[in-house]
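There are 2 protein chains.
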Amino acid sequence: MPKEIIISLDAMGGDHGPSVVAGGVESYLENNPDADVRFVLHGDEAALREELKRLARARRICQIVHTERVVAMDEKPAQAVRRGKGTSLWSAIEMVRDGKADAVVSAGNTGALMAMSKLILRMSAPGLERPAIVASWPTLRGITAVLDVGANVSSDAEQLVEFAIMGEAFHRAVHGVERPSIGLLNIGSEDIKGNEAVREAASLLRTGGFDLDYQGFVEGDDIAKGTVDVIVTDGFTGNIALKTAEGTARFISSLMKEALTSGVRSRVGAAIAMPALRQIRARIDPNAINGGPLLGLNGVVVKSHGGASAYGFGNAIRVAVDLARSDYTRKVTANLERLGRVMDGASAAAQAHTQHAEESRV
Amino acid sequence: MPKEIIISLDAMGGDHGPSVVAGGVESYLENNPDADVRFVLHGDEAALREELKRLARARRICQIVHTERVVAMDEKPAQAVRRGKGTSLWSAIEMVRDGKADAVVSAGNTGALMAMSKLILRMSAPGLERPAIVASWPTLRGITAVLDVGANVSSDAEQLVEFAIMGEAFHRAVHGVERPSIGLLNIGSEDIKGNEAVREAASLLRTGGFDLDYQGFVEGDDIAKGTVDVIVTDGFTGNIALKTAEGTARFISSLMKEALTSGVRSRVGAAIAMPALRQIRARIDPNAINGGPLLGLNGVVVKSHGGASAYGFGNAIRVAVDLARSDYTRKVTANLERLGRVMDGASAAAQAHTQHAEESRV
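Residue numbers (our numbering), protein chains in the order written: chain C, 2 to 363; chain Z, 2 to 363.
The set of hints was computed from the structure by calculation and includes no laboratory data. Predicted model only: the values in this text are computed from it and were never measured. There's no promise every hint is true.
Repeated chains share a single entry, so a pair holds when one copy, or any two copies, can fit it.
Unchecked claim - Here are the simulated lysine to aspartate or glutamate pairs, DMTMM-like style, with alpha carbons at most 25 angstroms apart:
hint: 1; residue 1: K4; residue 2: E179
hint: 2; residue 1: K332; residue 2: D75
hint: 3; residue 1: K258; residue 2: D286
hint: 4; residue 1: K226; residue 2: E247
hint: 5; residue 1: K77; residue 2: D222
hint: 6; residue 1: K194; residue 2: D157
hint: 7; residue 1: K226; residue 2: D286
hint: 8; residue 1: K194; residue 2: D16
hint: 9; residue 1: K258; residue 2: E247
hint: 10; residue 1: K86; residue 2: E76
hint: 11; residue 1: K86; residue 2: D99
hint: 12; residue 1: K77; residue 2: E130
hint: 13; residue 1: K194; residue 2: E159
hint: 14; residue 1: K54; residue 2: D212
hint: 15; residue 1: K332; residue 2: D212
hint: 16; residue 1: K77; residue 2: E31
hint: 17; residue 1: K226; residue 2: D75
Okay, chain C solo, but in the shape it has when bound (with noise of 0.2 angstroms):
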């Protein structure tokens, strides 16, 4: 029997707050009706207890915890910190840090969570500076992985090899592939291309002896192909990266939804092939792939969109679920140690490969 996971929720976080949060815990249960769950929602009382009486499996199930204040969705991260006791941010993540809790979701300011995660629970992985965030990014051949997307504005190698080990480990917990593939993000595939944290940590991934199933460097197409498992990147490219493809998606639905409204006979035959195009959306759909854990900290912690929908909700809480289950702090404790050994000795020789390699450039 799986152990009993407690799972701490922000219930007044987001664009829709306790209605969605609530709903979230409503749609998780229908959709893992055998999973041993409970939950605590902090927030107000009295919203979340009207919320819960019209949902049947979230009602039985969830313990409140009452708080006063919200950090508001555009507040800067550093007043949030400041003046972040009492707020149901603050209040779920101390859950964690207690014990009480094995893990923590927030649909809320993603500023003031990472901010406020990095202060209670502290970074677990050495050379961070702030958790990373991964994208569950929808391929031709199922899910990706990539991270950093957002958190760490530059990455040295070091920083590279803990995201392809903390990466690898949450793609097998929450995706269920047994041996994660890892690639690093790069303009070319040969070992001389790129900068120079990219072809260190190649050479890391290459040489440390970590338990990792690293293929070498991938390109940007090689993203939406599902051409590996886990791709690594830092924080500044990764978000560019997946805003860009946020963009490319968007505009080309909207040329899709232009033509496909642009005379009787487009209409008529959008119309009929409209069951098609919805699968199409499906696939794509943010809610669907909603959940991006913020990796590096002492606990799972959790941020699902702002405006994701109860469906969406939902989805965050099994990404917190499934890592809070899996072996996911187990394997990423015993690579970063290994990280941390070899560093020395592997430093030296990626110096080598490096300075081999820049030699051998145009």
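Use these hints to put chain Z onto chain C, whose structure you have.
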């Protein structure tokens, strides 16, 4: 009357060689019957004579310079440069250096084109290590020019400003926008976001007194929205953004194809809506937006996709003609000189600004 333009063509480059190059001239002349342009084709004289026989317009207007050798598509740039003399590519570029042609177009090996152009023509922008490649990106509002998409692996603030200066002049020359707006690609729109290079470049663009319409930071999803006319980024991020977008577009096309051929009903709907669906394809057809200039050289150099059709190659020719005929050089020279003058004073101001921003960060 605009002056006569002479375009030098590497007639052996690309996946299809002479047939697409000669066919590209014919296509250009069909679509621009009044253009006062002559062409010099560098390559195998016999093969080119044979191609020109069946091309009524191109035959009358093309001169041939016979060359014996060809740069292979997979040849390493360093090797291509060493044995470059006597190749069609070298000969085509040399004509621009010698003032006998106004621009050169090649569908050949990108690395070789870049290395040879740099060697033969030399860089005109002092901060640039290599030429910057521009992508003409289809957006909801038209075309946005994105640069650099792959030549310079890392870029400091001065280089980013050079990209802004060159990209703006390119956009006006080729896409006919009187005063193109400019954005810097970043991971957030606030001044304090991003890495040091983009923050310093932003400060330079705001305070440097350039004759440019700088609008501030933009994010990845602003590219396809067409928020600004020119988007500036380093070659690493730009290349990954471009390939990520291409991968996303192909992914959605695959989903559509799969969905619309998945059953009788879908196939009927798709057949009826086909003319509308073709419109979408035309809007994002790489051949329609073919022709990426290499900016920062003493001379106009345009790269065509290696797999472009004759129609696509004709569009790359159009880019070269428009650039050669425009006031691109004059505008760029004035702003680059301004950049040189303000670097000392402005960089001190930018440092103060950056420091202030750093202090106000979390």
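Status of each hint after checking the structure:
1. K4 - E179: The answer is within: 21 angstroms in one copy meets 25 angstroms, while 66 angstroms across copies does not.
2. K332 - D75: Intra 36 angstroms, inter 41 angstroms, cutoff 25 angstroms: neither.
3. K258 - D286: Classified as both: same-chain Cα gap 16 angstroms, cross-chain 18 angstroms, threshold 25 angstroms.
4. K226 - E247: both (15 angstroms within a copy, 11 angstroms between copies)
5. K77 - D222: between (35 angstroms within a copy, 23 angstroms between copies)
6. K194 - D157: Intra 16 angstroms, inter 19 angstroms, cutoff 25 angstroms: intra and inter.
7. K226 - D286: Both. Shortest intra-copy (17 angstroms) and inter-copy (19 angstroms) distances satisfy the 25 angstroms Cα cut-off.
8. K194 - D16: This pair counts as between: shortest inter-copy Cα distance 23 angstroms, intra-copy 42 angstroms.
9. K258 - E247: For K258 and E247, both the intra-copy (16 angstroms) and inter-copy (20 angstroms) Cα distances are at most 25 angstroms.
10. K86 - E76: Classified as within; 15 angstroms inside a copy, 62 angstroms across copies.
11. K86 - D99: within (15 angstroms within a copy, 72 angstroms between copies)
12. K77 - E130: within (18 angstroms within a copy, 39 angstroms between copies)
13. K194 - E159: Intra 18 angstroms, inter 23 angstroms, cutoff 25 angstroms: intra and inter.
14. K54 - D212: Intra 48 angstroms, inter 62 angstroms, cutoff 25 angstroms: neither.
15. K332 - D212: within (9 angstroms within a copy, 55 angstroms between copies)
16. K77 - E31: neither (36 angstroms within a copy, 58 angstroms between copies)
17. K226 - D75: The answer is between: 23 angstroms across copies meets 25 angstroms, while 35 angstroms in one copy does not.
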